[in-house]
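> Sequence:
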Amino acid sequence: MSDQQIIEEIQKGNQTLFRLLVDKYQKMVFVTAIGFLHSKEDAEDLTQEIFVKVWSSLSSFKGDSEFSTWLYRIAVNSCINTVQKKQHNRFVELAEEWLQSIFHTESGEKDSQQLMEANETDAAIQKAIDSLPISQRTAFLLSVYDELSQREIARVMQRTEGAVEQLLQRAKTNLQKKLGSPVGK
Numbered sequence: 002m003s004d005q006q007i008i009e010e011i012q013k014g015n016q017t018l019f020r021l022l023v024d025k026y027q028k029m030v031f032v033t034a035i036g037f038l039h040s041k042e043d044a045e046d047l048t049q050e051i052f053v054k055v056w057s058s059l060s061s062f063k064g065d066s067e068f069s070t071w072l073y074r075i076a077v078n079s080c081i082n083t084v085q086k087k088q089h090n091r092f093v094e095l096a097e098e099w100l101q102s103i104f105h106t107e108s109g110e111k112d113s114q115q116l117m118e119a120n121e122t123d124a125a126i127q128k129a130i131d132s133l134p135i136s137q138r139t140a141f142l143l144s145v146y147d148e149l150s151q152r153e154i155a156r157v158m159q160r161t162e163g164a165v166e167q168l169l170q171r172a173k174t175n176l177q178k179k180l181g182s183p184v185g186k
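In my numbering, the protein residues as written are 2 to 186.
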């Protein structure tokens, strides 16, 4: 059954088929969310919220685009809104994770110095990505985390492929400046 057929059946009243869409796209939405939020728990929560939004607005889906494109738009907009609303300090979260990882290491795992360096690198990368303008960040995350093509990103962001290519290039250039090394695929 195609996505369009599933949606038509859901719109006719067969609501149990919505589970098929969730099963098919849940990982995609989660990967998008974690790319923006950097927290598994927050990404899981937001993924659920996104599917609630999809469920409540499925009747407005007209099939003018692929369902996956429509879903990506909802997911990206939800992620952007969540990031803009968040007020808590990412440094505190990273410090807590770092402390837990130090106290829970087993022999054979990285020592505390290696863990600290890896966490510092991860934090610097996340901070650099988070500092990008929202359109560059969105294009970069969809490219790197979701592995979407420029054509797919253009559909999701409702831009031309050329504009997406420029956004990706600018994002990579900005990240290189912030991190001091080549970035991206």
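Don't take every hint at face value.
[Claimed, not checked] Derived DSS-like pairs (lysine-lysine); straight-line CA-CA distance at most 27 angstroms:
no.	residue 1	residue 2
1	K13	K25
2	K54	K179
3	K41	K54
4	K25	K54
5	K87	K179
6	K28	K128
No lab work stands behind these hints, which were simulated from the structure alone.
> Taking the hints in turn, state whether each one holds.
Verification of the hints:
Only pairs whose Cα atoms come within 27 angstroms are accepted, and K13 paired with K25 is accepted, the gap being roughly 20 angstroms. About 36 angstroms separates the Cα atoms of K54 and K179, which puts this hinted pair outside 27 angstroms; it is violated. Annotation: proposed proximity of K41 to K54 holds, straight-line Cα distance about 20 angstroms (limit 27 angstroms). With a C-alpha separation of about 16 angstroms, the suggested pairing of K25 with K54 holds against the 27 angstroms cut-off.
With a CA separation close to 23 angstroms, the supplied pair K87 and K179 stays within the 27 angstroms bound. Between K28 and K128 the alpha-carbon distance is near 24 angstroms, which keeps this suggested pair within the 27 angstroms criterion.
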